[in-house]
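*Asks:* Keeping their order, the protein sequence lines are chains G and F. Each step along the first sequence adds one to the number in my numbering, with nothing skipped, and position 77 is 77. Each step along the second sequence adds one to the number in my numbering, with nothing skipped, and position 239 is 239.
Be a bit skeptical, because a hint or two may be false.
Pairs of lysine to any residue residues, derived as SDA-like cross-links and limited to a Cα-Cα distance of at most 25 Å, are as follows [unchecked claim]: (1) G:K198 to F:R200; (2) F:K321 to G:S124; (3) F:K226 to F:R200; (4) F:K330 to G:W224; (5) F:K416 to F:V317.
Everything labelled a hint here was simulated from the structure, so no lab data went into it. It should be emphasised that the depicted structure is a prediction, and the values quoted were computed from it without experimental measurement.
What follows is the residue order along each chain.
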Amino acid sequence: MSPISEPINQLPKPSILEKLIQRHSKLAIALLAIFIVVFVYGMVTAPNFLTLFNFKTIIRDAALVGIMAIGLTFVTLSGNFFLLSMKETAALCIIAFATGMASGWGFELSFLFTMVFALIAGISQGALIGIGGNPIVVTLGAAGVLYGLGAYWSDNLVVSYRRPHGAEWLGTGSFLGLPNITVAFILIAISAELLLRKTSFGRQVYLIGANRAAGRATGHENFWMAIKVCTIASVCSAFVAIAFSAQVSSAQVNYFSSEFGSSGDMTIMVIATVMVGGNSIMGGFGSTLRSSLGAVFISTVDNMMVLHGFNSGPRVFAVGLMIVFSIIVFAILRRGSRSEE
Amino acid sequence: MEEQLLSLSKITRSFGAIHALKEVSFDVMPGEVMGLVGENGAGKSSLVKIIGGFDSGYTGQLTFANKQVRFSGPVMAERAGIAIAQQELSLIPTMSVAENVLLVGDNVPKIATKRQLIKLVEPFLSEVGLDYIDPATSVERLSVGERHLVEVARLIAHDPQLLILDEPTAALGETDSIRILEMVERLVKRGKSVIYVSHRLDEIFKICDRITILRDGRSVAVKNTKGLSVSELVNSMLGRELENMFPKRISTSSKTPLLKVRDLWPDGLLDPVDLDIFPGEILGLAGQLGSGTGEILSAIAGAHPIRGGSLEMDGNVFMPKTPNEAIKAKIAYCSEDRKHDGLFLGRPIIENLTSTALKRIGNFGILQPSAENGLANDIAKGFTIDNSRLPSEAGVLSGGNQQKVALGKWLAISPKVILVNEPTRGVDVGARAEIYQTLHKLAKKGTAIVIASTDLQEIANLPTRIIAFYRGLKVSELGYREVSAENILTQITDPFGAAKLER
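Isolated chain G, as found in the complex:
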């Protein structure tokens, strides 16, 4: 006895293209089509773009931003918006790691030492957000504190350590022809996706992100969630800091602020990656896979432009354009996918 059955589509299924046109606005399809044309044109005409070596380069470039973006995705999905302290967490952690390495503590101990800072940063920011602090304000403040600590500790100087050292395998080593940092990116991407899809924790992330009030009513408090997701994001930041330091055998507090990635600012790049992946800014919809693909995508466009000989100005411009573009397209797609009530 189900008298409340609503009308269901019982006609034969239309083809994928028809369905696409029926369900999504023509504007979204037109934007996507334009983009695909430009993208394919760029790919075909860029010298040496379609080589295995270049493909590896793209993934390697995507790895560092990608890992941080995966961490941040947990925060965004859980409805806690963004952390504006991603690069500052990395800045403090890279100083901590390099100081450990320079003092001759070895990789393992320096790694743990760094992670302690990441945990403290993550838990304290998470707790402040969890008790109702605005994530933007909290992490803006935290950013200042973390960066200031790192700068004070290192005296704004480069902390360097000599090769050979115990972290080289992570920075410059490779496995089956892939750089280890790429391998780490792939492993982290897979495990993050499994964590979200297959565990109760992941389910809670989505539920609280979709509706915080309903999450609380069903026994899932955002307080603990905020702490957990901020810690994940901070640990990812710390890992990136360690991997980067291992590459260059040194650390300086401003490594993530300039000359890094195409737009020069790691936090902005990471947030851009999460958004280009099409994750809902309000939470509850998206995945770390989307962020990983977002990182690869940005890296691909960037790579293509480098091969075409563009300098950094147009490349920053392109990243900005991609953010705007993806927000529009995903907003339209998402609206179109909801049935009319």
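Use these hints to put chain F onto chain G, whose structure you have.
*Replies:* Leaving out everything else, chain F in the frame of chain G:
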């Protein structure tokens, strides 16, 4: 014969292969209140959207004031003289009543002092029966009912010929609802026409001259209210006989209370409350909006701040501080606002149904899809939710089905006590009956059920016994035999006989 003010013929509206409306005919005479009824999903909202100019993608003819028209936007409909009061209010809370009433429109002066505005709005406010409020008060300080009236005042300021009220009383208590009805009567006396969309059949019968019934996107009948019986109307809404809306009342069997509430003092109540809740009963907390019944339920569930109090169940004395602690004690609580904290609208129905019991469907934190499917299917069966729809988003369901999901998710924790505030707000007749049946079944199995409701019909017919509240005060308890709609109405509106004294 009189000319019709509005007439629709053969209106069809399809979304892809789905027909929201099929050859619907509908008309309204000048100075008439036309009721529009139907189950959720019958097409009431689609029809209202077309009349109001929000949707122009239909086929068929729409004639308004002797002119054939097709509104391309709400502004056009408004210019023509049609105004819609939507369920969701569009007032700006921080602005004054006067500013809200004169927010937009052709007759609003471009520059005006506050005093001028106040003078301008006074006639509109008295029209809707709000002449006692100061037009300079900001809207956020008004009650929900008063806000609805302000919204209508704003529409009247445009001097419409036809006013559409879409579920105006869905969120209102009894007294506020009465004010809306009085306002409709006043408007009609001045020659305006009103389309009144509502689930509340008592209101429909009270004020409508004629009633149009929609079913599955078709207009199945237009009836004169005079001489129509409720069951006749319900039957043509459902297209079948509704045997009994309310199951046979349970007379409680157990003598030992399952949950003892002692000195519970939720914020918003005047006195602490003691309650004994017995297994297998349905306890009704009767009261209007602001009587404190909802606060009591949410306080028991740890979702509302309290000044003190304790619960006793199975020999344990405790007081949940968060909903999570209540859930651990197997106390389930469903608030009156499912969209706010009852549902994860953007998530699949299956995730909604299992959201309360992630531990039950997981093994060391790993979700077990087979366990989850099994649990969700069981709940869906118990609440007559179509289980082929489990993977779709909860947001696409109609109000009735959403409410079933919001309630159904609590079955996952095998609750001992279920607290429900407004179990059937905004729910159509068919789903309503199913919800009553399910609550009844649960009580029979020994679950203690407490409902708080402002729906008189519901509170008079479902519970085993009733406790009445008036403005934050417990006024009386009515047992199995004393429960009647009249009794309850007196208790919740005028328990101390004050109204008689004044006269």
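*Asks:* Could you run down the list of hints and mark each one as holding or not?
*Replies:* Results of checking the hints against the structure:
1. Between the alpha carbons of K198 (chain G) and R200 (chain F) the distance comes to roughly 44 Å, so the proposed pair goes past 25 Å and is violated.
2. With a C-alpha separation of about 23 Å, the suggested pairing of K321 (chain F) with S124 (chain G) holds against the 25 Å cut-off.
3. For a cut-off of 25 Å, the pair hint linking K226 (chain F) to R200 (chain F) stands: about 17 Å separates their Cα positions.
4. Between K330 (chain F) and W224 (chain G), the direct Cα distance comes to roughly 21 Å. Compliance with the 25 Å bound is thereby established for this hinted pair.
5. Pair hint K416 (chain F) plus V317 (chain F) holds up; C-alpha atoms about 16 Å apart against a cutoff of 25 Å.
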